[in-house]
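Hey, can you work out the whole structure from these sequences and the hints?
These protein sequences, in sequence, are chains A and B.
Plus 91 on top of the position in the first sequence (first one is 1) and you've got my numbering.
Plus 69 on top of the position in the second sequence (first one is 1) and you've got my numbering.
To be clear, the hints were calculated from the coordinates, so they are not data collected in a lab.
Worth double-checking, as some hints may not be accurate.
Quick list of the computed label-pair ranges, beta carbon to beta carbon [unchecked claim]:
no. : chain 1 : residue 1 : chain 2 : residue 2 : range
1   : B       : His112    : A       : Gln106    : 39 to 45 Å
2   : B       : Asp177    : A       : Gln97     : 49 to 55 Å
3   : A       : Met96     : B       : Ala164    : 31 to 37 Å
Where is the CB? At the ideal position from N, CA and C, for every residue including glycine.
Here is how the chains run, residue by residue.
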Amino acid sequence: MADTMQPPKAVENWQQVRDNWVAELNRVIAEAEEWAHQRGWGTLRDDRTIRENEIGSYRVPVLLIHTMKGRVLITPEARFVFGADGLIDVSVYPSLDTLTRLVRTPDGWRFTDAASGELADPWSAESLAETITRGLEAQ
Amino acid sequence: MKGRRHERIELIRAVEGEYRVVALALSMLRTRLSADPARLKPHRLSWGNFERAMANLGATYVTRMFAEFEAGLREAWARKYRQTTEPRAADLLSAFQSRCRIPQDLYDAVEDVRKYRNSIVHDQDETVAAVPVDIAGRHLRTFLSRLPVTW
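Take a look at the structure:
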């Protein structure tokens with residue numbers, strides 16, 4: 092359930108910004124889910140509550156992907172972050188070792204290098220599969 | 070993804086996040102102080118204070134992470150395994166190693182973190198190797214990830 096109370100540092104049209112953000116996360120998670128299924132990987136959905144001073148409290152989907160090499164958790168982290176318009180964490184489950192972070196840029200979602208934070212491949216079925224496979228093999 | 074294990078692992082990761090922010094802030098402060106060494110004076114702080122903050126940063130956060138880790142183990146010890154004893158941290162690690170089939174190399178890595186934590190808070194034993202925050206965090210989280218899902 093999303094907050095109706097004005098958050099402490101509400102941005103203009105904060106409810107609209109929040110709703111758009113949640114819709115975008117649902118789209119990304121649904122894509123990841125579909126791409127995982129295309130590879131024969133299992134998935135499990137959960138949700139979590141995020142609170143941000145700019146857009147209040149809201150619930151977002153979390154996706155667990157099961158592969159033969161291990162499991163990966165895709166967790167939305169925040170809409171308001173420095174240098175991007177959104178952040179999603181991709182980590183090994185259950186140790187939560189970060190494999191990569193997805194950031195939303197004006198050109199769409201991009202993977203980042205886990206060590207340097209530099210922008211890497213754009214969000215796609217191939218780059219997601221490669222990130223997961225390479226990351227789990229390195230564990 | 071619900072369960073105390075996940076929550077405990079997230080708490081350790083949150084401390085790692087705090088460390089990264091403070092490390093970045095100190096790095097930015099160093100740049101400022103290089104340009105203006107007198108910047109700390111109005112706060113009655115010296116370059117030495119800054120150097121100490123830099124030198125002890127990793128140790129401070131490893132100590133906090135280990136505290137979260139140990140609290141998680143003790144909570145599971147009491148709730149999941151119904152134990153009323155309060156073993157030393159070293160014994161607690163051994164107990165979980167056998168109960169949760171923790172691989173020896175992971176156990177050894179966490180032992181290294183524990184010894185480093187002890188050297189910081191107890192005896193300042195300089196023969197113990199420092200464990201970087203990111204390495205310590207990974208080992209502690211991986212150890213916890215071998216515990217039951219919830220307790």
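Outcome of the hint check:
no., hint, result
1, B/His112 with A/Gln106: 39 to 45 Å, "42 Å, holds"
2, B/Asp177 with A/Gln97: 49 to 55 Å, "52 Å, holds"
3, A/Met96 with B/Ala164: 31 to 37 Å, "46 Å, violated"
The structure is inconsistent with hint 3 alone, although it conforms to all the rest.
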